[in-house]
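Please work from the sequences and hints to get the whole structure.
Number of protein chains: 2
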Amino acid sequence: LRQFKVASEAESRLDARIESIYKEYPQVETTMLSSPGVISVYHVWRGGQDPSEAQQTLEELVKRMKDRLGEALFTEAEETLAEVIGRLLRDRGLTLALAESCTGGLIGERITDVPGSSDYFLGGVISYSNQVKSELLGVEPVLLEQYGAVSAPVAEEMAKGARERLAADLALSITGIAGPGGGSAEKPVGTVFFGYADSQGVDSTRLLLPGDRAAVRMRSANMALDWLRRKLL
Amino acid sequence: LRQFKVASEAESRLDARIESIYKEYPQVETTMLSSPGVISVYHVWRGGQDPSEAQQTLEELVKRMKDRLGEALFTEAEETLAEVIGRLLRDRGLTLALAESCTGGLIGERITDVPGSSDYFLGGVISYSNQVKSELLGVEPVLLEQYGAVSAPVAEEMAKGARERLAADLALSITGIAGPGGGSAEKPVGTVFFGYADSQGVDSTRLLLPGDRAAVRMRSANMALDWLRRKLL
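Note that the protein sequences, when read in sequence, are chains A and B. Using the numbering used here, the first residue of the first sequence is number 2, and each one after it goes up by one. Using the numbering used here, the first residue of the second sequence is number 2, and each one after it goes up by one.
The hints are simulated quantities; they were obtained by calculation from the structure and are not laboratory data. Be aware that a few hints might be false.
As the list makes no split between identical chains, a pair holds if one copy fits it or if it spans any two.
Said to hold, decoys possible - SDA-like, lysine to any residue: derived pairs with alpha carbons at most 25 Å apart:
{"id": "1", "residue 1": "Lys64", "residue 2": "Gly212"}
{"id": "2", "residue 1": "Lys188", "residue 2": "Ala216"}
{"id": "3", "residue 1": "Lys64", "residue 2": "Leu208"}
{"id": "4", "residue 1": "Lys67", "residue 2": "Gln201"}
{"id": "5", "residue 1": "Lys232", "residue 2": "Ser130"}
{"id": "6", "residue 1": "Lys188", "residue 2": "Arg65"}
{"id": "7", "residue 1": "Lys188", "residue 2": "Asp120"}
{"id": "8", "residue 1": "Lys188", "residue 2": "Glu72"}
{"id": "9", "residue 1": "Lys67", "residue 2": "Asp170"}
Following this line, the structure appears as C-alpha cells:
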C-alpha cells in the first residue's frame with residue numbers, strides 16, 4: 002500500500018490529471034477517498050506474491066504521480082493540511098494570523114486542531130459583518146461599498162489588517178458567498194476570495210467552488226489552507 | 002417515534018437522571034445517540050398495534066422527561082444548538098459576538114453553519130495568544146499574569162472586550178486547556194471557563210470536561226453554546 006493526499010477542488014478534476022498514469026498499472030488498484038477540497042489516493046498492489054516487484058512498481062507509480070502533480074501533492078503520510086502548514090511555519094519560525102468571513106472560524110478550528118499550534122498561531126478575527134471588517138481589520142468602508150465584501154481588494158485588506166493588528170509574520174484571509182442566499186450573476190454562490198499578507202506585500206486569488214453551504218465552506222477552508230501551504234514552500 | 006436533544010457533559014450523567022423514568026415503560030425502546038456535549042434521546046413504541054395507546058404513552062413519557070430535565074432539553078425537533086440560539090437571538094433582535102481561545106474558531110463555525118446567521122452574528126476574535134487577548138480584546142496583561150489565561154477574570158474580560166469592540170448586544174467567550182499539554186494540578190486538561198457579557202454586566206462559569214483534545218474542544222463548544230442558550234431563555 003502506498004498513499005498520498007492532494008488538495009483539489011474536485012475528484013473528477015484530479016482523476017482527469019492522473020487517469021492516464023494509473024491506467025498503465027492494471028496490477029495496482031487505485032482508489033480515491035475525497036472530502037471537499039482534499040482527496041486521498043491509495044495504491045494497492047494486486048499483482049501477485051513477489052514483494053520486490055510490488056515495491057518497485059509502486060515506487061515507480063508514485064514517482065510518476067509526484068512528477069505529474071507537483072506541489073498539489075501535499076503529503077505521503079497520515080497528516081492534515083493544517084499539520085503540514087504547522088510544520089512549515091515552525092521550521093521557518095513564522096507566526097500566522099487569520100481573518101475569516103464566510104468560513105466563520107472553520108480555518109482557525111483546523112489550524113488549532115493540531116496540538117502545539119500555539120507555537121505559531123496567534124489568532125484571528127471572524128469578520129462576519131462589514132462593521133467588524135472595518136473596525137477590527139481596518140478595511141476602508143469605501144472599499145466595501147465600491148467592490149463589495151466579497152472581492153479581491155477586501156480580501157487583501159483583511160489579510161493586511163490581520164497581519165498588522167495581530168502582529169503576525171503572515172496572515173491568511175477568506176471572504177466568500179457560501180449560500181444558499183447572497184449570490185448574483187457576477188458573484189454566484191461558491192465565489193470565494195483568499196487574501197495573503199507577509200512582509201513583502203499582499204496577494205489574492207478568486208475561486209468558484211461547487212456544493213451546498215456546508216461543502217462550499219469546507220472546500221474553501223481546505224483550498225485556502227492549500228494556497229497558504231504553497232506560499233510557504 | 003418521539004425524540005429530543007439534551008445538552009449534557011456525558012451520556013452516563015444524563016442516563017442517571019432519566020433511567021428511573023424510562024424503566025417504567027418497558028413497551029417503549031429508549032436509545033441515546035451521543036456526540037460530545039449533545040445527546041439525542043429516541044423513544045420508539047414497541048408495545049403493539051394500537052396507535053392511540055402508542056401516542057398516549059409516548060406523550061406521557063416525553064412529558065415526564067421534560068419535567069425532569071427542564072431547560073437541559075433544548076429541542077424536540079431536528080435542530081442544532083446553534084439553530085436554537087439563532088432563533089432566540091432573532092426573536093429578541095439581539096446581536097452576538099464571540100471571543101474564542103481553546104476552541105480556535107469552532108464556536109463561530111457552528112454559529113455560522115446556520116444559513117442567515119449574519120442577521121444576528123457580527124463576528125468574533127480568535128484570541129489564541131495572550132497578546133491577542135490584550136490587544137484585540139483589551140484584557141489587562143496584569144490579569145493574565147495574576148490569574149492565568151485560563152481563569153474566570155480573563156473569560157469575563159474577553160466577553161466584555163468582544164461585546165464592546167464588536168459593538169454587539171451579547172458576547173460569549175471561552176478559554177480552556179484542551180491538551181494534551183498545558184495542564185496542572187490546579188487546572189488539569191479539560192478545564193474550561195466560559196464568559197458572558199450583556200448590557201447588565203458579565204458572568205462566568207467553570208467546567209472540567211473529559212476526553213482527548215478533539216473531544217474537549219467539541220464538548221466545550223457545545224457546553225458553551227448551551228450556557229449561552231440558557232442565558233437567552
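Among the hints numbered above, which are violated by the structure, and what are their numbers in rising order? 1, 3, 4, 6, 8 and 9
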